[in-house]
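Use the sequences and the hints to build the structure in full.
Below, each chain spelled out in residue letters.
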Amino acid sequence: MSASKPGVAGAAGGGAPGRGSDLRKLVAGRRPGVKWIRRHVLDTDDWSREEIETVLDQTRAMVEILSRPIRRAPPLRGRTVILFFAEVSTRTRVSFELAAKALSADVVNITATGSSVEKGESLLDTVRTLQALGGDVVVIRHGSSGAPYFVAERTESAVINAGDGWHAHPTQGLLDAYTLREAVGELGGKRVVIVGDILHSRVARSDINTLVPLGARVTLSGPPTLIPVAWRCGEVPAGVTYEPELDRALDGADAVIALRLQRERQESGLLPSVREYSRVWGLSEERVARMRPGAPVMHPGPMNEGIEIDAAVAHGSRSLIEKQVANGVAVRMALLYLLAAGVGGPDGAGLPNPIEKRG
Amino acid sequence: MSFDRRAFEAKGYLVVPGFVDLHTHLREPGFEDSETIETGRRAALRGGFTTICAMPNTEPAIDSPGLLKELLGRGYGVNGARVHFVAAITRGRKGRELADMVELADAGAVAFSDDGSPVEDARLFRSALEYARASGRPIIEHAQDLALSAKGVMHEGAVSARLGLPGMPAAAEEAAVARDLALAKLAGARLHLTHLSTAGSVELVRRAKADGALVTCDVTPHHLAMTDEWVAGSRAFAWETEERAPRGAPFDSSTKVNPPLRTGADVRALWAGLEDRTVDAIATDHAPHASVKKDVEFDQAAFGISGLETALALVLGGVRAGWAPLETVIDALTSGPARALGIDRPKGDWVVIDRDAEWMPRAAELASKGKNTPLIGRTLIGRVVATVVGEEVRYEGAVHAAEAVSRR
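Going down the list, the sequences are from chains A and B. Just so we're aligned: 249 in numbering that gives the first Met the number 0 is position 250 of the first sequence, and the numbers increase by one with no gaps anywhere. Just so we're aligned: 177 in numbering that gives the first Met the number 0 is position 178 of the second sequence, and the numbers increase by one with no gaps anywhere.
Treat the hints as calculated values from the structure; they're not laboratory data. No residue lacks a Cβ here, since even glycine has one placed at the ideal position from N, Cα and C. Incorrect hints may have been included.
Just the calculated beta-carbon pair ranges, DEER-fashion [claimed, not checked]:
| no. | chain 1 | residue 1 | chain 2 | residue 2 | range |
| --- | --- | --- | --- | --- | --- |
| 1 | A | 231 | B | 275 | 32 to 40 Å |
| 2 | B | 31 | A | 124 | 17 to 25 Å |
| 3 | B | 29 | A | 128 | 43 to 51 Å |
| 4 | A | 119 | B | 31 | 48 to 56 Å |
| 5 | A | 49 | B | 10 | 35 to 43 Å |
Covered stretches of chain A, going by a simulated chain B footprint (3 or more residues, C-beta under 8 Å) [to be verified]:
| no. | region |
| --- | --- |
| 6 | 148-154 |
| 7 | 216-229 |
Non-contacting residues of chain B with respect to chain A, defined by C-beta distances greater than 12 Å in every case (computed) [to be verified]:
| no. | residue |
| --- | --- |
| 8 | 125 |
| 9 | 161 |
| 10 | 337 |
Structure follows, in structure tokens:
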């Protein structure tokens, strides 16, 4: 990331930011035989381990680009990435914007505030507008679960889900997997605790759908009212268990991911009090010490320090929270590259949408 | 054209009495962009229904004898099913004051229902049952505890957990069924529980019937054929395996219906209820919607499936799988609903069925204005060849033409 490492940039890009083919060379051949066939990134729930690995490998290449003196590569020059954020988000939007710009794409922002979305324009109208604008990639954040599928079915653009309702946040799942693997190595046999409001968390769902295929086991912990009833009563997904008592969940764990607790849960009768929650399911220094020595702590942000996580833990030596943010840019670059760089070229041209359309 | 039954039977078609649908939404007055009485009546004939009962959740609601008489007094086209009207239980369907139930019954209401907005106040519902008893007309109850179902948009279970959609637990229906059964017993009134969707609800009715309660109930074709996996993109009927069935997109709002599509175990329990006659009737809950109500985000979309024209094929699928005998299902489409309503089936109403015809519903070909069904583009087996009202053939389908093509 600083000018003191010219050797790294030189090794991969030939000094100054080079042609797109440098990057393609960097990426291609890493995993011979694995081809990228996805037109959209809507959910990782049907991804194979190989597909996840492809993105993580690609991410490593992007981390390298981000470490160059000039953090910019040209492969998406002339491509347009539309960031359609129908729900307020600063972190994820900025992360996607940096990612798109680092690959030299043109970036257009459509946000809820100040756009026709606020004036009651329907999602269908917005999709028609997006289609007319002709972006190569549409990145969508939306409060309704499934909204990215709605967009993907009705537009020619590649669609990336940047978080939909309680459903999925695939780029968060992938960046968590990347960050965790950098910290603890291969995830096979590792046990990761996810604690908090699982029911309303798209992050939890995407973490499960990314970490489990990589070999990790996931232990969910949190108040019974904030865990889907099916997951508490026997219909739990493969590789996942539920342990209401956080101390027991953390005993010997390899990592923990704390989720943000919305204060509204108390008002809607799902929690007796935020104070009680913090005492029973908050991450304190003593609690995290129950994990394997040095086991890391993660949080998707934004944090409620003092509620789901103590400040000392959030900013302590185990915390990977800032790394998550940094890696987020690289993961999003990787996906933008995979989806957009190949459009019209040899990598992804003419490949079918994995979501089969109805006749 | 008068009906020549033997000519149809000679071709190997099945001829049975015309179907009676005790739960249909015709949307008129007020929502004519979704359906009109005329388009709904035509859709009914195409589905083999010769008598349908229109629900009163219109705008204005059918809660006054004046509006009811006006609707009954209209001249209707010949190419449509016979129509009865269900009147509202409470004024404006608001659940606060009873509608003029005696006068509504005298004006010709076939039953009473606040369908879609169950009467939450138990004391008021008790009064409604007492009045229904006095009027000799049944209450058709949509049993749902609204506090418990809250903002749910699908069945609460493993699929809703996976998709991150708010769920409606089975208990939201079962708690209301239990309450309604207790109140019906108290009032000594006839109660009809409509579109039951869970194993628990069927079991509650089974026990109540064993205790001699005056209760009847129905289930819908979609609850007999589809599971909550359809919301996740499955298009496998409950009797099919996932591998052999086509797939649709997840979060398709045409699978959003209330009560929601339930689990495979619930579907089996509904069929078991049909088989042992705990379930009296199959009713469509035909709920057509204009595309603006459905072509939106899943959680914003209106509830409902347009069901009149595909009902027969769905229930025949279960029969073919051996889940209930044909006679039981035909009874549940004809005598069962007539008994539940306490009406006589009109003589001379028939439906001619080709049990083996394969066809594919297409939006443009549905007579209903509501194209909101997840069956668009799905191959179905079993189709209505002709529908007869009062010994007159009022609908004759394109099956003959299709046959001619295939035999050439």
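Here's how the hints hold up against the structure:
no.: 1; hint: 231/A to 275/B: 32 to 40 Å; verdict: 33 Å, holds
no.: 2; hint: 31/B to 124/A: 17 to 25 Å; verdict: 23 Å, holds
no.: 3; hint: 29/B to 128/A: 43 to 51 Å; verdict: 31 Å, violated
no.: 4; hint: 119/A to 31/B: 48 to 56 Å; verdict: 23 Å, violated
no.: 5; hint: 49/A to 10/B: 35 to 43 Å; verdict: 55 Å, violated
no.: 6; hint: 148-154; verdict: holds (count 3)
no.: 7; hint: 216-229; verdict: holds (count 3)
no.: 8; hint: 125; verdict: 28 Å, holds
no.: 9; hint: 161; verdict: 7 Å, violated
no.: 10; hint: 337; verdict: 37 Å, holds
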